[in-house]
Structure formats: C-alpha cells, structure tokens
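All chains, please: the whole structure from these sequences, using the hints.
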Amino acid sequence: MSTPIRLNQPKNHSIRLLQLLPGDPESQLECHLIDVFLKTSPPYEVLSYTSDSPATDSILIDDQPTPISLNLALALRSLRVDITKPTIKRQKDPEAHVKWAQPVATVVKKKTPLTKRYGPRMLWVDTLCLDPTSETPAPELTKAVHAKATSVIAWLGAGDVSAAIAAMDFVHFRFLPDVKELEQAMQDQGREDVWAALRRVFESPWWAQGGFMKELAKGKAVVMRFGEREVDRKKILKFATWYGKQDEGGEGCGEEGFGEIVKSYREHQEAG
1 MSTPIRLNQP
11 KNHSIRLLQL
21 LPGDPESQLE
31 CHLIDVFLKT
41 SPPYEVLSYT
51 SDSPATDSIL
61 IDDQPTPISL
71 NLALALRSLR
81 VDITKPTIKR
91 QKDPEAHVKW
101 AQPVATVVKK
111 KTPLTKRYGP
121 RMLWVDTLCL
131 DPTSETPAPE
141 LTKAVHAKAT
151 SVIAWLGAGD
161 VSAAIAAMDF
171 VHFRFLPDVK
181 ELEQAMQDQG
191 REDVWAALRR
201 VFESPWWAQG
211 GFMKELAKGK
221 AVVMRFGERE
231 VDRKKILKFA
241 TWYGKQDEGG
251 EGCGEEGFGE
261 IVKSYREHQE
271 AG
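Per full-length UniProt numbering, residue 1 is the first one in the sequence shown, and the count goes up by one each step.
Bear in mind the hints are in silico, worked out from the structure with no lab data behind them. The model shown is predicted, which means the values in this text are computed figures rather than measured ones. Treat the hints with care, since some could be wrong.
Below, in silico cross-link-like pairs of lysine-lysine (DSBU-like), each with a Cα-Cα straight-line distance of 35 Å or less [what the hints assert, rightly or not]:
| no. | residue 1 | residue 2 |
| --- | --- | --- |
| 1 | Lys218 | Lys263 |
| 2 | Lys263 | Lys214 |
| 3 | Lys263 | Lys180 |
| 4 | Lys39 | Lys85 |
| 5 | Lys218 | Lys234 |
| 6 | Lys148 | Lys263 |
| 7 | Lys214 | Lys143 |
| 8 | Lys180 | Lys85 |
| 9 | Lys220 | Lys263 |
| 10 | Lys143 | Lys234 |
| 11 | Lys39 | Lys180 |
| 12 | Lys245 | Lys148 |
| 13 | Lys148 | Lys238 |
Shown next as structure tokens:
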C-alpha cells in the first residue's frame with residue numbers, strides 16, 4: 001500500500017525525502033515522497049546531477065506519474081541497482097548478473113555505508129524534494145539539507161568507464177609513466193576504448209557545477225558515480241594533472257582534442 005503525498009506539510013524545519021524503492025533495471029522507477037523534520041531525519045544521501053535536459057522520462061511518486069529528465073532517471077536507475085536483491089528470474093548470465101547485483105557500499109574514510117543491505121534508499125533530490133510552498137528560501141534549505149546528509153553522490157553520467165578507471169589507476173600507481181606507456185598497458189589489458197572512456201569522464205557536464213557542490217559538500221563524503229561504478233575524485237584530478245604535464249608542449253598527446261577537454265576540467269576545479 002502506497003503512502004499518499006501529504007498536501008498540508010509541516011513548515012518549520014521540515015524537508016521532503018525521496019524513498020527510492022528496489023526494482024528490476026528495466027522496470028518503472030517507483031518511490032515515496034515523505035515529510036520529515038530535518039533535525040530528526042533518518043540517514044539520507046544527496047544526489048547531485050545536472051538537470052538541463054528536458055523531462056522525457058518519468059517516475060511513480062506514491063503511484064502518481066511524475067515527469068523527470070533522462071539524466072535523473074539514469075542516475076536513479078543506477079542507484080536502484082545497489083538496493084535490488086537479485087533473483088533467478090532476472091538472471092541472464094551468471095557472471096553479468098552477479099556484477100550488477102552487488103550492492104555498492106558508499107564508504108569514505110570511516111563513514112557508515114548506507115547501501116549494504118537491500119531495501120529502500122533514502123535520497124534528497126532537489127527537483128523532486130524542494131517544496132515550492134515552503135517558507136524557507138530554497139538556497140537556505142538546500143544548504144541545511146547538505147549539511148545534514150551522510151554523503152553527496154555526484155552523478156557524472158551513464159556508460160561504461162571501466163577502461164578510464166583502469167587508466168587512472170595505472171597513472172596513480174606507476175611512477176611518472178608517459179602516454180605511450182599508458183596506451184601500451186591498456187592494449188595489453190585488451191582495453192582499446194580507453195580514450196573514449198576517459199572522454200566520457202572528463203566531458204561530464206557535472207564538472208561545470210563542481211565549485212558550487214564543493215561549497216555545499218564541505219566536510220561531507222562525496223561519491224563520484226559514473227554508471228554503476230564509483231570513481232575516485234583524487235585519481236581523476238591526479239590523472240588530469242599528469243596529462244597536463246604530458247601535453248605542456250601544446251602538440252597534443254593521446255587522442256586529438258583530449259588536451260582541451262582536460263584543460264576545461266581543470267579550470268572548473270580551480271574555479272571551485
């Protein structure tokens with residue numbers, strides 16, 4: 001039985017949280033929208049994403065269809081994977097099934113993971129949780145919500161970035177490799193799509209709002225999420241710094257145009 005949306009919501013120090021429900025990857029997104037007092041709210045995560053795309057997808061909020069952007073839908077579907085218990089019926093091939101079904105523990109330092117068990121996931125998503133009738137100004141409420149959150153999930157986008165993660169790990173753990181060494185190492189691993197995967201990471205529109213998010217998420221665990229993989233932000237920055245030194249001559253290295261993409265990313269980081 002679904003919980004109806006309460007129209008007469010408490011105004012003083014109250015927020016709305018999105019309770020994301022488990023479900024198959026292809027099934028309709030479903031959730032509950034609940035009212036809680038910020039001071040006594042249950043643990044929740046803030047989902048940070050870019051919302052410049054039109055509302056071409058939808059989610060059921062307490063059984064009511066609500067339009068959302070494709071990017072938000074992709075983010076929620078990705079996060080739903082963590083909380084959905086696998087079944088034999090959903091299994092297509094054993095290895096692939098086990099891979100997508102594993103819950104991802106969002107542990108940073110000594111923080112308690114919120115997604116170790118299957119079941120609903122509590123989130124705060126600005127476009128769905130901000131109440132336009134609230135007496136508290138949106139910027140003030142947003143700041144308070146981020147301050148109370150257990151962690152911030154930065155949604156970079158969808159797609160397979162395993163090759164990019166492998167490349168960043170190679171640079172992170174090797175002592176000053178050059179681009180040719182990186183390319184050879186990736187070829188040896190059978191990763192021919194490394195530059196395309198790196199482009200997907202560094203071209204994410206999320207970086208443009210990175211400065212804003214840094215300010216809101218001070219002292220918080222920030223989880224960088226791309227598809228069903230989590231990406232270490234420090235490794236991303238280290239890779240960008242390393243690549244910048246490789247490309248200092250301005251002649252370009254690796255894939256054509258990649259240097260400008262990395263430069264744009266670094267400018268967004270410095271601006272923050």
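Hints, verified against the model:
1. Between Lys218 and Lys263 the alpha-carbon distance is near 24 Å, which keeps this suggested pair within the 35 Å criterion.
2. Of the supplied pair hints, the one linking Lys263 and Lys214 holds, its CA atoms being roughly 19 Å apart against a limit of 35 Å.
3. Of the pairs offered as hints, the one joining Lys263 and Lys180 holds, with about 20 Å between alpha carbons and a cut-off of 35 Å not exceeded.
4. Among the hinted pairs, Lys39 with Lys85 is consistent with the structure: their alpha-carbon atoms are about 31 Å apart, no more than 35 Å.
5. Simply put, Lys218 and Lys234 have alpha-carbon atoms about 15 Å apart, close enough for the 35 Å limit, and the pair holds.
6. Straight-line distance between C-alpha atoms of Lys148 and Lys263 comes to about 34 Å, which keeps the hinted pair within the 35 Å bound.
7. Annotation: proposed proximity of Lys214 to Lys143 holds, straight-line Cα distance about 12 Å (limit 35 Å).
8. Between Lys180 and Lys85 the CA atoms are separated by roughly 43 Å; this puts the pair beyond 35 Å, and the hint is violated.
9. Restraint check: the Cα-Cα separation between Lys220 and Lys263 comes to about 26 Å, which is no more than 35 Å; the hinted pair holds.
10. At roughly 24 Å between alpha-carbon atoms, Lys143 and Lys234 fall within 35 Å of each other, so this suggested pair holds.
11. With a C-alpha separation of about 54 Å, the suggested pair Lys39 and Lys180 falls outside the 35 Å cut-off, and the hint is violated.
12. For a cut-off of 35 Å, the pair hint linking Lys245 to Lys148 is broken: about 39 Å separates their Cα positions.
13. Under the criterion of a C-alpha separation no larger than 35 Å, the hint pairing Lys148 with Lys238 is consistent with the structure, at around 29 Å.
The structure shown violates the earlier hints numbered 8, 11 and 12.
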